[in-house]
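Participant: Residue numbers (our numbering), protein chains in the order written: chain A, 41 to 483; chain B, 41 to 483; chain C, 41 to 483; chain D, 3 to 114; chain E, 3 to 114; chain F, 3 to 114.
Don't read these hints as lab results, they were simulated from the structure. We treat Cβ as the ideally placed atom computed from N, Cα and C, and that holds for glycine. Keep in mind that the hints are not guaranteed to be accurate.
What the hints assert, rightly or not - Label-pair restraints from in silico Cβ distances:
1. B:Asp-266 to D:Glu-73: 24 to 34 Å
2. A:Ser-416 to C:Asp-163: 32 to 42 Å
3. F:Ile-88 to D:Asp-69: 24 to 34 Å
To be verified - Not everything, but these chain D residues come out facing chain E in the computed CB check (under 8 Å):
4. Lys-4
5. Ile-9
6. Phe-38
7. Arg-40
8. Lys-42
9. Gly-43
10. Ala-51
11. Tyr-53
12. Gln-54
13. Lys-62
14. Ile-88
15. Ile-93
16. Phe-94
17. Val-95
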Amino acid sequence: MKLFLNLGIWLALPASLAFAGDDPITLESNRAAIELVQSHADYLWTLIAAGLVFFMQAGFALVEAGFTRAKNSINIMMKNLMDFSIGSIVFFAVGFGLMFGVSKGGFIGTTGFFLSDYTPGGDPWVLAFWMFQAVFCATAATIVSGAMAERTKFIGYIFYSIGLSAIIYPIFGGWAWGSLFNGSGWLEGLGFIDFAGSTVVHSVGGWAALAGAIVLGPRIGKYTKDGKIRPIPGHNIPLAALGVFILWLGWFGFNPGSTTAANKDIAMIFVNTNLAAAAGSILAMITSWVKFGKPEISMSLNGALAGLVAITSPCATVSPMSSIIIGAIAGVIVVFSVLFFEKIRVDDPVGAVSVHGVCGAWGTLAAGIFNMGGTSASIIGVQLIGIAACFAWTFPLAFILFKLIDKTIGLRVSKEEEMTGLDQTEHGGNAYPDFEVSSYIQG
Amino acid sequence: MKLFLNLGIWLALPASLAFAGDDPITLESNRAAIELVQSHADYLWTLIAAGLVFFMQAGFALVEAGFTRAKNSINIMMKNLMDFSIGSIVFFAVGFGLMFGVSKGGFIGTTGFFLSDYTPGGDPWVLAFWMFQAVFCATAATIVSGAMAERTKFIGYIFYSIGLSAIIYPIFGGWAWGSLFNGSGWLEGLGFIDFAGSTVVHSVGGWAALAGAIVLGPRIGKYTKDGKIRPIPGHNIPLAALGVFILWLGWFGFNPGSTTAANKDIAMIFVNTNLAAAAGSILAMITSWVKFGKPEISMSLNGALAGLVAITSPCATVSPMSSIIIGAIAGVIVVFSVLFFEKIRVDDPVGAVSVHGVCGAWGTLAAGIFNMGGTSASIIGVQLIGIAACFAWTFPLAFILFKLIDKTIGLRVSKEEEMTGLDQTEHGGNAYPDFEVSSYIQG
Amino acid sequence: MKLFLNLGIWLALPASLAFAGDDPITLESNRAAIELVQSHADYLWTLIAAGLVFFMQAGFALVEAGFTRAKNSINIMMKNLMDFSIGSIVFFAVGFGLMFGVSKGGFIGTTGFFLSDYTPGGDPWVLAFWMFQAVFCATAATIVSGAMAERTKFIGYIFYSIGLSAIIYPIFGGWAWGSLFNGSGWLEGLGFIDFAGSTVVHSVGGWAALAGAIVLGPRIGKYTKDGKIRPIPGHNIPLAALGVFILWLGWFGFNPGSTTAANKDIAMIFVNTNLAAAAGSILAMITSWVKFGKPEISMSLNGALAGLVAITSPCATVSPMSSIIIGAIAGVIVVFSVLFFEKIRVDDPVGAVSVHGVCGAWGTLAAGIFNMGGTSASIIGVQLIGIAACFAWTFPLAFILFKLIDKTIGLRVSKEEEMTGLDQTEHGGNAYPDFEVSSYIQG
Amino acid sequence: MKKIEAIIKPFRLDDVKEKLTTLGINGMTVSEVKGFGRQKGHQEIYRGAEYQVDFVSKVKVEVVVEDSKVESALKTIIGVAATGKIGDGKIFVIPVESAVRIRTGENGESAL
Amino acid sequence: MKKIEAIIKPFRLDDVKEKLTTLGINGMTVSEVKGFGRQKGHQEIYRGAEYQVDFVSKVKVEVVVEDSKVESALKTIIGVAATGKIGDGKIFVIPVESAVRIRTGENGESAL
Amino acid sequence: MKKIEAIIKPFRLDDVKEKLTTLGINGMTVSEVKGFGRQKGHQEIYRGAEYQVDFVSKVKVEVVVEDSKVESALKTIIGVAATGKIGDGKIFVIPVESAVRIRTGENGESAL
Ligand SMILES: Nc1ncnc2c1ncn2[C@@H]1O[C@H](COP(=O)(O)OP(=O)(O)O)[C@@H](O)[C@H]1O
Ligand SMILES: Nc1ncnc2c1ncn2[C@@H]1O[C@H](COP(=O)(O)OP(=O)(O)O)[C@@H](O)[C@H]1O
Ligand SMILES: Nc1ncnc2c1ncn2[C@@H]1O[C@H](COP(=O)(O)OP(=O)(O)O)[C@@H](O)[C@H]1O
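All chains should be modelled from the sequences, with the hints used to inform the complete structure.
Facilitator: So, in structure tokens, the structure goes:
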């Protein structure tokens, strides 16, 4: 620490200052010093925000575990731990380069693998930027876990996770955000607005989740022989609720942090993020109340997430009042979307497809409609192109990836294993050995 | 993101710089740049602190759920989710204006509803400030939830929550803090010291909680026919403890963040906050040990919160040593206060009245007694006026509000519903379907 | 708040500015203003980081509770609450002075007790610095709790906790970090590199944990009469996993925060911390997979912590690529280390000795081996001296401390109490009264 | 000797226990069970799907008594456990051939 | 009257319950039990140590019926609970001397 | 056939199980129960209020055996479950009229 505190102070002061003794203070040296201090604030904010987004991993893990059965909790924690861990390494080695490297025709990055853009002593900004982008990539990856819960082979999941972090997410991301670093994407070229990633992160995750849920098929017991829907209640609602609070907190890094600069913009982004989440949870609650006769919690929790996902794209370009509207609409959409996918026999235990896929698309469209700078057919058109491009790229590719895994190492566990629970069969463990746990819904 | 990173950089650099090409650098332009960078730091801190205070919602939810029975966990999560969500919208529409708008005679704000003080392109400070104030309002609202746990009708709770966020909290808040923005309160006019809200936030919440608990009456089974106290053990102590750790963390935003500026003051505030919490938990543990023969956990956890509440008002104006004393006394007070309210048949499952109401009052008084700048009869007198004003305003008003709700839509569930549990009757859910859960204490 | 917001603004602007009216702006006044703003950023970062490290207490509590039996959960929460609370007070009164006071011959500090280095109106840096150091001290203390879980007398544990926070940790810490403030340690004098404390914090905690586990002896039932190892499964794996996510988050304060300055260094430290943790968890998972035939979760979680502990010392002086290697090796080491200590009958329920002691030593060595500035026999030699000094100081001292406690007030509970569970016998409580809980492994 | 198995509503347990003690019945064994019968359970909603939960949580009280005490025990239980509402539960009487106290090896009624 | 105690695999419960109802059996009591038998449990790993979990989780269904229904009840249970795999469980028939409905005090078969 | 119901202290279960196996008893059913008896439970404190927890957690072991094995089984259980302390538990012997193995439909002793 010693070593570095000194160095710390040294760097903390404008470089020029280091030799203040000799160097005369000039207008220019002061200006340089000011810019250095501002850049320190930018680093601080970008990295703190990255930390908050990292914490969302815990939120996703808790929501998924809480909304599924006790016998699969260990498996869920492992998947969430691993898609962040593996995702970090893969994005370091491959993903970042494909997303932000010098671009081939706006379609794919070609440089910056293994963080080669950083050279000791060189400008460390690439490191701060990488960190922020890495947690975004992991978010996209982990969204899928929930939709595939309770029936996916662990090894198969790991291969999917690598595929998404290495290829599916980064390449699409480069189309929309490449120019944030060395790249330049065709989509951003058209003027596509997706400030913090309703489409780039959430829809990519959501559509991949849809592919996964379809390829897997529903859990045993989710539908009765005579085709009726059979709810499979989540085993720990307080944990799920805690997960949503953690995600909400993380979003205060996700959206405002996407400035990657400490400036005054973050205030409005912060407020918009909060108001949309609030409106989303309220409207989802009301909708569930009207439709089911009671204010149902899992829908209300999903509603908050729906509002957050929806505001992710427009958060920096719409007014607080618009944010409330955008979030509220998302809160209604998510309820009907969950029911819809359940009806068409896409078994998504946590509602990932509806929350991230559908509401991500809605938010991206909303960014065009509610744009403070005014909207136009062309602006909305470009947003629609972005939404379509995301689905057209992600869904088929993910579908193929899952099919491939299915045909090779296998994607779904056996009926026996599924009924016994993945904790025991995949990990040889028991999440709650001191409690008598059982779930009768096993087909 | 592209769009904004550029804009980000643009804003991140002193405005004047944007045209550095043309503009000559001057002493004044540098000074302006310095102030801009400082203001960026102020925004950063205010918003990060707001995020930490937001997270306290999760802490409150866990403490309340952990200290109550499994059969009411869903209801508790819903209440905590909703009083933050609804509170955000209500404070946006009404509360903020009443609290910080141009004041009528120091009693009530009259402008700034629906965040009308913000105009696109205008100074965004109001947004950062609103965000910070909104999470404070939600804190006051959520305190009450715990005292009313396990027997309150959900719809009735929602109406209370609106009433507190729209009227009770903001109007009193304006008396003490109005001048932080456009307002000017009569209480602050007298020189009332309540830096971060022992009274403004915690006592308001605590006295409203007292009113709620009284109007509701005790839970079935809390007192035996022959009038003996019957403890109703909380169902998940590890969750409750996690909640306290989260609250403690959140307080590092609550108190130091109340500078709403990135300056050196936050160091002492931070240290004082921590020392008071530590002293509170230790003394509460010792007190429980002496009184009950064992170091009891729920009291020790309450003790930490008691210390935090008590230091909230004086944290910026007392020495670290005084903070230890203030926290320690709070730790003792809270134990006796909990026992007292239990004896007089105010059934407060989590001790909200004692922690927030009583210790909030103690902390406000302590701010006068231990004031670093020296104290005096008049200083203490003003503190007492503030304490009294808070009770005189909050308790009757909240009492009326609860009575009103009780007479109209109803405040308490039926005996049957209470015995079955609110999760099932109010929300049609089951928090732990895979576990065999039961509580024999049902009257 | 009023009072202070004004003062806040006042301080927020460069002092000189306060009289801008009168004072002319000069190059020097601007330079002073710039430095003031930078120092505000330094305060901000140091305190935010301290908050994150504080939150690690919650992480440790959850990991320990999750990896042990339900019947001891209250006791575990109490220990974690108390070693932070008591540790804060003790470090304020004694520890900080011994660690950072003016040093007697590089061995022990002699000034600055009761935070006497701070005088109202004086430079508040000591407060920010104390806060950051206090949470470090508490981390070292709490590490031990896990290794001694499920059989330690509460009162005995409290005395240990005081001993470590007052003497064992601070004195050693002063040897390596004293010069960060008023001290000067012999170890840092040799050029010992331990940026954020793989040795100073983690190995100290780990070796003390080893002493504690040895003095206590294994839990009843851990080894069968015929000497076979009998696993005692943890009762709540989702909580344990949440704990690891929280610890990982906290480490983003622990390592980057150790700059105690807002500068560009934090970017690389942040990235290295994350990559090492990721590599650690992956390799631990693979190792468990190969050795046990299944990817085991408790090992994978320990692997992430192992990577974090290992990178704590070198995080600021090695490349991202090296960080991956360092973390990966830690992930393998931790698995074998856990098995080793189990085999030699050191019963460490959470693996604290392996994670913090062993991997802390590995990380400290790695700081020498992978040093970006190049390495040498002498650099590595000094690292080895530091590692050895840590063990030579901590283990015997802690051993004596535990023996002393054992002989006087007693360190271990009775067989009856252990079998019944500490929640009931030590705290008169029940962590999960609404659930049917039982553990058959009781000897 | 007979074993009396009473399936009752959980919140009646305290009173049943108390009253039995007054009869000089020194011991009993209790367990949580799920009951299915005329009392038809309730609806739950999860993510929009309603479903019927048929089982009602009940408590099973098992008490072994000498034949002479059976009658009074039955009366007592009925007396305190009855709320008059559907779902109050059942009592079954089952023959017990012998009882042993593990601690002492005592056999027969003295073992109770 | 007899008490039929069937120890079955948890996920067969729904069907057993359904089928018994069709026999006009209006009630039963269910509890979670741990079973030990030929079906030998499974291996678990925790922190590197493998260990055998002997017990398999089962469900115990207790249903008291008039003598005339015993045969059909047994057949029904066997019919739906059998999967042909080891561990399907057992059924025991135990005499019941009397049954009472707590709510009404009714005695004998009408109490069922 | 008889059903032996033994209510024992949880941590004696492993040994009881082991010893019974040596008698060639291939199966048993175990469940968690709350016991009430001479062993009087314990005090708990919550938020300052002390209260008596009357119930002690016990384990109920149910094993059905042919008549010939009853004696030895009883002896064995008493042998291993006795600690000499109050609360060791009870054993009750209950007649069983028939036993069926669900998997095969086998009846009688061969079903055990
Ligand atoms: N034939 C039976 N065998 C075993 N238990 C039964 C039987 N019938 C009812 N029960 C138990 O008694 C409880 C109450 O019975 P139910 O028919 O709901 O109401 P009531 O006791 O008023 O008739 C049921 O929940 C079940 O646990
Ligand atoms: N003698 C017995 N007494 C009581 N319960 C038994 C007995 N034998 C078996 N069981 C119960 O029946 C279940 C199934 O028995 P098992 O031998 O595993 O398979 P199967 O039913 O195919 O013979 C066991 O898990 C246990 O709960
Ligand atoms: N009459 C009874 N009927 C059913 N179970 C009983 C009866 N008496 C005791 N038990 C069970 O036996 C357990 C031990 O009995 P207890 O009187 O506490 O000690 P001991 O076995 O030494 O006499 C009790 O906890 C209870 O579960």
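Participant: So, for every hint listed, does it hold in this structure?
Facilitator: So, going through the hints one by one against the coordinates:
{"no.": "1", "hint": "B:Asp-266 to D:Glu-73: 24 to 34 Å", "result": "holds (30 Å)"}
{"no.": "2", "hint": "A:Ser-416 to C:Asp-163: 32 to 42 Å", "result": "violated (56 Å)"}
{"no.": "3", "hint": "F:Ile-88 to D:Asp-69: 24 to 34 Å", "result": "holds (26 Å)"}
{"no.": "4", "hint": "Lys-4", "result": "holds (7 Å)"}
{"no.": "5", "hint": "Ile-9", "result": "holds (6 Å)"}
{"no.": "6", "hint": "Phe-38", "result": "holds (5 Å)"}
{"no.": "7", "hint": "Arg-40", "result": "holds (6 Å)"}
{"no.": "8", "hint": "Lys-42", "result": "violated (11 Å)"}
{"no.": "9", "hint": "Gly-43", "result": "violated (11 Å)"}
{"no.": "10", "hint": "Ala-51", "result": "violated (16 Å)"}
{"no.": "11", "hint": "Tyr-53", "result": "violated (12 Å)"}
{"no.": "12", "hint": "Gln-54", "result": "violated (11 Å)"}
{"no.": "13", "hint": "Lys-62", "result": "holds (7 Å)"}
{"no.": "14", "hint": "Ile-88", "result": "holds (7 Å)"}
{"no.": "15", "hint": "Ile-93", "result": "holds (4 Å)"}
{"no.": "16", "hint": "Phe-94", "result": "holds (5 Å)"}
{"no.": "17", "hint": "Val-95", "result": "holds (5 Å)"}
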